[in-house]
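J.: Sequence:
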Amino acid sequence: MRIDIAAVGRLKKGPEAALVADYLDRFAKTGRSLGLPAVSVSEVEDRRAGTMAAEAELLARAIPPGAAVVMMDERGEQPTSPEFAARLARFRDEARDVCFVIGGADGLDPGLRARADWQISFGRMVWPHLLVRVMLAEQLYRAATILAGSPYHRA
1 MRIDIAAVGR
11 LKKGPEAALV
21 ADYLDRFAKT
31 GRSLGLPAVS
41 VSEVEDRRAG
51 TMAAEAELLA
61 RAIPPGAAVV
71 MMDERGEQPT
81 SPEFAARLAR
91 FRDEARDVCF
101 VIGGADGLDP
111 GLRARADWQI
121 SFGRMVWPHL
131 LVRVMLAEQL
141 YRAATILAGS
151 PYHRA
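Going by the numbering used here, the first residue of the sequence shown is number 1, and it counts up by one from there.
Some hints could be false.
Claimed, not checked - Pairwise CB distance ranges, derived in the manner of DEER restraints:
1) Thr-51 with Ala-86: 32 to 40 Å
2) Arg-90 with Gly-123: 17 to 25 Å
3) Glu-94 with Ala-38: 18 to 26 Å
4) Gly-76 with Ser-150: 21 to 29 Å
Hints were generated in silico from the structure; no laboratory data involved. No experiment lies behind these values; they were computed from the predicted model shown. For each residue, glycine too, the CB sits at the ideal point set by N, CA and C.
Could you put the whole structure together from the sequences, leaning on the hints where they help?
T.: This is the structure we're talking about:
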């Protein structure tokens, strides 16, 4: 199994980058004994065009062949943390790679969204794409703690 995050934009040094790094490091440590690999992050950026279509082309290239594609989209399902953990465990148990896709400020191109195996949302409000990375990293760590039976997650 392989876990990737493909995201538009480069995360500069700052609080968001520190949080993403911290949560992904925690995930790697907690997930190792659960058969969950460290997360790889691919950042894509097209300084010339900056359109959803151009971003979609770059994101599509960053998605590993055969991976389950999970789009972070405001129109997606809103799973609970235990449901998210269960889905991640199912990908692991099926030995299926998974790629979480985060679009740019304008969202995801409809053609790319159509490739999704699962679309999820962190709520009905729109979140800045940089904060979505932080929230996704935290939810991955939370999923690992749920699967490990840790008290980090309390319902």
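J.: Are the hints correct? Go through all of them and say.
T.: Results for each hint:
Between Thr-51 and Ala-86, the C-beta spacing of about 36 Å keeps the proposed range 32 to 40 Å intact. Checked against the hint of 17 to 25 Å, the pair Arg-90 and Gly-123 passes, with Cβ atoms roughly 23 Å apart. Our hint of 18 to 26 Å for Glu-94 and Ala-38 holds, since their Cβ atoms are close to 19 Å apart. Between Gly-76 and Ser-150 the beta carbon distance is about 26 Å. The supplied range of 21 to 29 Å therefore holds.
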